[in-house]
Amino acid sequence: MPFKRKDLLGIRDLEVHEIEHILEVAFSLKEINTRAIKKVPTLRGKTVIHLFYEPSTRTRTSFDIAAKRLSADTYSVTASTSSIVKGETTLDTLKNLEAMKPDIFIIRHSASGTLQRLAQHTTASVVNAGDGMHEHPSQALLDMMTIKEHKNRLDGLTVLIVGDITHSRVARSNIWGLTKMGARVVVCGPATLIPPRLEAMGASVSLHLREVIPEADVIMMLRLQTERQQQMLLPSLREYAIYYGLDAEKLKKAKNDVLIMHPGPINRGVEISPEVADGPHSVILDQVTNGVAVRMALLYLLAQRQ
Amino acid sequence: MERETAANLLFRNARIIDPAQGLDGRADVLVLDGRLTEIGAHLQISADWQAEVPEIDLGGKWIVPGLLDMHVHLREPGEEYKETIATGTASATGGGFVAVACMPNTHPVNDCAAVTEFIIERARAQGSCRVFPVGAISRGLAGESLAEFGELREAGAVAVSDDGRAVLNSLLMRRALEYARAFDLPVISHAEDLNLSRGGLMNEGSVSTMLGLRGIPNAAEEVMVARDLLLAELTHSRLHIAHVSTAGSVQLIRQAKQRGIAVTAETAPQYFTLTEDDLATFDTVYKVNPPLRSSGDVEAIKLGLADGTIDAIATDHAPHSTLEKDTEFEFAANGMIGLESAVPLILSLIREGVLSPLEAIAKLTCNPATILGLPLGAMLPRMPADLTILDPEETYVLDCSTFRSKSRNCPFHGKNMQGRVLMTLAEGRVAFTRMTDKGLTQTNTHTSRKP
Chain A
347 MPFKRKDLLG
357 IRDLEVHEIE
367 HILEVAFSLK
377 EINTRAIKKV
387 PTLRGKTVIH
397 LFYEPSTRTR
407 TSFDIAAKRL
417 SADTYSVTAS
427 TSSIVKGETT
437 LDTLKNLEAM
447 KPDIFIIRHS
457 ASGTLQRLAQ
467 HTTASVVNAG
477 DGMHEHPSQA
487 LLDMMTIKEH
497 KNRLDGLTVL
507 IVGDITHSRV
517 ARSNIWGLTK
527 MGARVVVCGP
537 ATLIPPRLEA
547 MGASVSLHLR
557 EVIPEADVIM
567 MLRLQTERQQ
577 QMLLPSLREY
587 AIYYGLDAEK
597 LKKAKNDVLI
607 MHPGPINRGV
617 EISPEVADGP
627 HSVILDQVTN
637 GVAVRMALLY
647 LLAQRQ
Chain B
2 MERETAANLL
12 FRNARIIDPA
22 QGLDGRADVL
32 VLDGRLTEIG
42 AHLQISADWQ
52 AEVPEIDLGG
62 KWIVPGLLDM
72 HVHLREPGEE
82 YKETIATGTA
92 SATGGGFVAV
102 ACMPNTHPVN
112 DCAAVTEFII
122 ERARAQGSCR
132 VFPVGAISRG
142 LAGESLAEFG
152 ELREAGAVAV
162 SDDGRAVLNS
172 LLMRRALEYA
182 RAFDLPVISH
192 AEDLNLSRGG
202 LMNEGSVSTM
212 LGLRGIPNAA
222 EEVMVARDLL
232 LAELTHSRLH
242 IAHVSTAGSV
252 QLIRQAKQRG
262 IAVTAETAPQ
272 YFTLTEDDLA
282 TFDTVYKVNP
292 PLRSSGDVEA
302 IKLGLADGTI
312 DAIATDHAPH
322 STLEKDTEFE
332 FAANGMIGLE
342 SAVPLILSLI
352 REGVLSPLEA
362 IAKLTCNPAT
372 ILGLPLGAML
382 PRMPADLTIL
392 DPEETYVLDC
402 STFRSKSRNC
412 PFHGKNMQGR
422 VLMTLAEGRV
432 AFTRMTDKGL
442 TQTNTHTSRK
452 P
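Chains A and B supply the protein sequences, listed in that same order. Residue 575 in my numbering sits at position 229 of the first sequence; the count goes up by one each step and never skips. Residue 32 in my numbering sits at position 31 of the second sequence; the count goes up by one each step and never skips.
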């Protein structure tokens with residue numbers, strides 16, 4: 347089945363059948379990553395440019411490995427090493443790179459909505475690797491893949507997303523994706539970190555982690571940026587850990603087969619205790635493994651369009 | 002730039018709508034030597050004038066007192082690449098306005114007589130219509146000390162405001178209200194609690210949550226509206242609330258008026274036409290401060306206009322170039338131009354039954370004139386003719402490439418419109434026209450003004 351889109355900008359735009367298709371392709375490509383020779387010729391002759399305006403280790407490496415295992419040529423442009431620091435606008439940077447005839451841009455930017463704008467100005471495919479607080483679609487896809495891998499379904503599950511929802515593009519993409527796929531999403535965090543009218547996105551809200559833990563089939567912990575304290579959003583990391591951090595004691599109330607997830611990077615001892623992060627319910631490193639497969643699937647499907 | 006000569010025109014079969022005099026009816030209007038000479042049925046011209054006075058049969062199209070926009074940004078001095086006094090006033094007359102009040106957030110700030118005088122002089126020399134400067138409340142708009150209101154008034158300022166920035170310090174706002182009384186200057190409040198709105202890019206609500214854009218709650222405006230109403234009550238001073246955008250502000254102002262507080266208020270067409278839903282594609286043309294609110298707020302603004310809580314409609318014309326607008330949503334400047342799209346949007350309130358024609362025109366003429374204490378907004382005989390002629394029915398697609406403004410940040414470009422300005426007579430001169438003495442021109446040419 348051909349993938350009709352030029353770009354992957356967000357999960358909100360995707361139809362259920364498209365998400366299912368991406369996940370199917372990701373599951374089928376995953377096996378390549380376990381071979382002795384981890385390379386197939388699928389994207390030979392294709393050029394992929396990573397354009398990152400925000401720091402990233404996991405996402406950029408994961409996209410880069412995915413592209414290289416499909417035999418694409420990849421180039422990386424980051425904010426600190428390019429003419430971005432000389433004051434060139436994002437659009438000028440994109441147009442200059444566009445003039446070198448790449449096939450796919452993978453872009454991360456700190457401002458929400460930037461990718462929507464840039465994608466209109468290039469005939470190459472644009473993949474959103476995270477824009478501001480808006481969306482991080484490849485993360486949500488790898489999260490859904492990981493849940494499906496362990497639970498064999500998404501439909502009917504209760505997924506609890508805990509932490510700083512307001513500033514989280516991971517939370518937004520997961521809320522769109524999981525609710526489309528029939529899961530029930532509950533978000534939990536202090537009211538200062540829950541955006542207004544979240545129910546309009548299809549999620550319900552709790553301010554009390556202990557109360558909602560027993561319902562969860564999956565608990566997704568979000569990273570807490572330590573600067574939130576300075577923004578009058580939290581009194582202290584200590585108190586945050588007490589009420590909203592996931593530790594072994596709170597986990598006792600959870601279902602026996604609960605999955606613990608985290609998009610990384612982890613603040614050990616703040617939102618998640620080391621024994622939970624490294625414990626038997628944790629699938630955090632499976633998420634990272636599946637990230638490569640999902641990104642291979644996205645690059646493969648977008649390249650197919652041409 | 003050469004001035005147009007004083008107009009001689011006889012309009013036949015016009016619908017005259019002059020809320021200052023409670024007039025709404027059919028008549029002819031005679032303008033001789035730039036003066037409004039006569040309004041009446043079947044006017045006759047004396048033989049010695051006949052050859053020089055073209056007759057235009059309006060067939061029921063409207064003549065209203067020349068419109069006044071009490072809230073614009075002309076950007077000169079300092080940001081002439083966005084707009085100048087020449088282009089901003091040309092835009093004004095192109096939109097049917099014969100006078101504008103311009104806000105002081107220029108570079109340098111209009112916080113002293115020298116800048117006020119510069120604006121007035123430049124408008125006289127190059128402007129298409131009159132310009133009434135609004136002086137700053139605080140020196141440099143810094144919110145720390147009062148500007149010299151007396152000197153500003155003598156130089157020609159008609160009000161004071163720190164528009165674009167709120168006066169955060171409640172004591173300074175109290176002192177401004179008190180001190181302005183001696184000079185009979187209304188204090189115009191840009192009501193925004195800058196702590197509550199900090200980092201905000203759009204209205205706070207379900208749309209900001211979905212788009213991942215930081216929100217500005219209604220309370221950021223309403224907290225300051227409430228404070229300023231209390232300070233106006235305390236000081237017995239004249240307060241005017243600029244660009245009202247929320248249901249709560251309308252309710253606070255309504256209650257204050259009932260209590261007898263000397264408050265007036267304006268809103269802008271975007272706040273009764275557009276909503277936060279228009280931001281769904283991250284189009285920066287919709288980024289404005291205060292932000293586009295919810296449909297519930299839009300309904301409340303309309304009710305506030307209908308019951309008189311909101312006295313005036315101003316455009317908050319805020320020109321920006323592509324440098325400010327063609328960028329990431331987060332970094333884009335706030336503001337939209339409005340002078341050349343206001344009339345059709347306001348006429349739509351009449352079609353919707355929100356306002357009668359008399360009420361709608363009052364909010365663009367006599368009401369703002371009264372607030373600013375200007376001798377404008379009425380069709381008085383023997384005075385230099387300030388008239389706006391418009392066709393309330395004409396439908397067309399708005400094309401902002403035809404605008405006389407220097408900037409193009411208009412959210413209504415490409416939208417279907419109904420109602421159009423045909424001619425603007427400012428101080429007895431044809432400052433804008435889409436008509437010839439034979440009737441309507443086919444194209445939007447600006448025959449009267451050669452920049």
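It is worth saying that the hints were derived from the structure and are not from the lab. Here the structure is a predicted model, which is why all the values come from computation and not from measurement. It cannot be assumed that every hint is accurate.
Unchecked claim - Between beta-carbon pairs, the in silico distance windows are:
id, chain 1, residue 1, chain 2, residue 2, range
1, A, Q576, B, R352, 29 to 39 Å
2, B, G415, A, T424, 35 to 45 Å
3, B, G200, A, H467, 45 to 55 Å
4, A, T572, B, E360, 53 to 63 Å
5, B, R409, A, K601, 38 to 48 Å
6, A, G548, B, G200, 47 to 57 Å
7, A, T435, B, L172, 35 to 45 Å
8, A, S402, B, Q259, 55 to 65 Å
9, A, Q576, B, G141, 49 to 59 Å
10, B, E360, A, P542, 27 to 37 Å
What the hints assert, rightly or not - Here are some chain A residues pointing at chain B (derived, C-beta under 10 Å):
id, residue
11, T439
12, R518
13, T538
14, P541
15, R543
16, K596
We put the CB at the ideal spot given by N, CA and C, even for glycine.
Broken hints, by number: 1, 3, 5, 6, 9, 11, 13, 16
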